[in-house]
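Number of protein chains: 2
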Amino acid sequence: MKVGVVGVGHSKFGKRAEATIRDLSHEAVKPAFEDAGLTPTDIDAIVFSLAGDMFNGQGSPAALVSDYVGTQDAAPIRIESACASGSAALKTAAAFIEAGIHDKVLVVATESMTRVSTPEATELMSRAGDVVWEFPFGVSFPAYYALYASRRMHEGLTRAQLSAIPVKSHEYGALNPNGHLQKTVGLEEAMKSIIIAHPLNLYDCCPISDGSAAAILTSEKTAKELTDTPIWITGIGTSGDTMQVAHRPNLTNLSGAQRAAKAAYEMAGIKPKDVSFAEVHDCFSIAELMAYEDLGFCPIGEGGKFAEDGEMYIGGKTPVNIDGGLKSKGHPVGATGVSQCYEITRQLRGEVPGKRAVEGAEIGLQHNVGMHGTFVNVLIYQR
Amino acid sequence: MKVGVVGVGHSKFGKRAEATIRDLSHEAVKPAFEDAGLTPTDIDAIVFSLAGDMFNGQGSPAALVSDYVGTQDAAPIRIESACASGSAALKTAAAFIEAGIHDKVLVVATESMTRVSTPEATELMSRAGDVVWEFPFGVSFPAYYALYASRRMHEGLTRAQLSAIPVKSHEYGALNPNGHLQKTVGLEEAMKSIIIAHPLNLYDCCPISDGSAAAILTSEKTAKELTDTPIWITGIGTSGDTMQVAHRPNLTNLSGAQRAAKAAYEMAGIKPKDVSFAEVHDCFSIAELMAYEDLGFCPIGEGGKFAEDGEMYIGGKTPVNIDGGLKSKGHPVGATGVSQCYEITRQLRGEVPGKRAVEGAEIGLQHNVGMHGTFVNVLIYQR
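Chains as they are written, first to last, in our numbering: chain A, 151 to 533; chain B, 151 to 533.
Take these hints with a grain of salt, some might be off.
If chains are identical, the list can't say which one is meant, so a pair holds when it fits in one copy or spans any two.
[As the list claims (entries may be wrong)] With a cut-off of at most 20 Å between alpha-carbon atoms, the simulated EDC-like pairs for lysine to aspartate or glutamate come out as follows:
{"id": "1", "residue 1": "LYS421", "residue 2": "GLU452"}
{"id": "2", "residue 1": "LYS152", "residue 2": "ASP253"}
{"id": "3", "residue 1": "LYS412", "residue 2": "ASP194"}
{"id": "4", "residue 1": "LYS180", "residue 2": "ASP194"}
{"id": "5", "residue 1": "LYS165", "residue 2": "GLU270"}
Derived by calculation from the structure, the hints in this document are not laboratory data. Being a predicted model, the structure only gives us computed values, none of them experimental.
So here's chain A without its partners, still in its complex pose:
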């Protein structure tokens, strides 16, 4: 596979209840067009990612956004894969291009979540869980991931190892102007903050945010005509897992992520050690920890040590979430996958300034997870 990323854009993430999904989308799409040197009428198809209709009561949001950004005559489609919707949209756009159905595809990924109260937002997100067999019994997403964290702590993971992850994310996130929470946090404070779902505390959990990100993908031929610095998507792997956490054989890792990573590495013809840096789905600290292992950055069971040793910082073995990750940058659920693409594209182009720059990066990896590993997309990007 060789699909070009020729333009990216990003809105400010944060509490943006005053902005509609139209407004947020436009904030990301406008710079993406400028970046690519294209206009809306150049676009053949628009692939829109939004996870939750229920937040806004707007069905068919793809048509709404397509019309607003000026691509109303292009082919519209909306993709949903819970919190992995953004990367699922990128995958779909890449497939349309490789299949020869469309040549220039705009991917827009948006979520507006803070218009409803926090308890209501938590309920609406929890409705991605089985509404007959799990949701009614109180299994919210912090609860799903708390089960994994509990098991890992039973097996030896320490509080300090887990909290090393948000400390790192906030350190980089404080430098990201698009981020929701721009502040650093010390290890002591991160370890002792209020419990959300035991053992996960406030700093283990990403915030609820509004925002949008956009990317323009094209065929190899068109990308080479449009830009001297195309970034190539060279591998895509996807997998699933059981809907109910009750059916999982163990609560230590996400086997769907392992399968997706294997498929992506194989398609791109690379190995985990070749990855210069990664954007992983850290909806909770434990999710980032499992990702280190599931993606092969360290052996299974050694994610805690990897974090404690700071191997996920620039200069470490594999820098992870140098944009602040979901934890600090924020997690407008449908937008996250394309926000990861934005960061990877800019890093590989050498456009990220200062302390956040991964110098000489050649290969970026994206890991985007829906639910508790029920949807996983892994994408490989190369210069």
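Position chain B against the provided structure of chain A, taking the given hints into account.
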């Protein structure tokens, strides 16, 4: 493009409020696996179509259904394009295959609508319209299409011409065991039934239904290994249009359908006259009438005469909706696109018995419309 359809399945359509989306999906998936001679673990990816989360309050329904039908380790994704969701799922599955990302893809398309009251269902569907600028002012879907019908009547379309369409659909639909409404209707009765949204009456409007359809798509190589009677998807065209009907330059035809048809014919290398029969999106009689013209079965403006002359019957110029169409078979919105694929596949295989058989059919066309032409997918199938 050459993607094989190697198995299809269909649930009973109708008022099925006792069945969940799991149950309905299983009813379609089980016969699809039997038809293809495959089992769930053979499947690489599941593409799920469902238009409205709000009908059931279940987010991420793809994972729920994937787990229930036994494909939980396959790559899941959910597609939404309003009432064109089913064909958008087929398009996405075909693209995954042509791009070499997945080889054997299960497409499942389901909608459960009668669990809520009819007024509530009408509201939820209307929410696919712009919830800021059109929905609050009373523009439901019967109203959108009534605007088109009014304009066409102003330009000469007669009541009898329009009613000839549901008379035909009910005649064939009465013979379809999977259909929702299995009864015939005379022209007089169809012309004089109660008004829903002037000038559209009861027989101009499809019912609200529950149901599911499934199809298994594979690469050309795999299809030839699996079956002696693969049906090939050889052309796909998609287009969009403005979100708001207020922004349309005219209310006589759907320009998105014309663009989508042109692209599909070009990809398949065929012309409208080559089409042996078609499954078109007749959510309202006026929609089928515009489709005759938009797909090139008759000149623009002559759809009324085409209907009056019975050219859409078997034996006429181009048989249309020989399964009863949305009008008689029913329209579980997310399922409709794959139900069309089911009918086309069985017709091209020569499996449809009796008076509904289109003898010697070589090419089938599918036309699936979301909203008032805001999403349109046209697919070409060949033996």
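Quick rundown of the hints versus the structure:
Proximity of LYS421 to GLU452 under the C-alpha cut-off of 20 Å is restricted to the intra-copy arrangement: shortest distance 18 Å within a copy versus 61 Å between copies. Within a single copy, LYS152 and ASP253 get their C-alpha atoms as close as 13 Å, and across copies as close as 18 Å, so both meet the 20 Å cut-off. Proximity of LYS412 and ASP194 under a CA criterion of 20 Å is satisfied inter-copy only: 14 Å between copies versus 32 Å inside one chain copy. In this homomeric assembly, LYS180 and ASP194 come within 20 Å of each other (Cα to Cα) only inside a single copy, at 17 Å, whereas the closest approach across copies is 36 Å.
In this homomeric assembly, LYS165 and GLU270 come within 20 Å of each other (Cα to Cα) only inside a single copy, at 15 Å, whereas the closest approach across copies is 31 Å.
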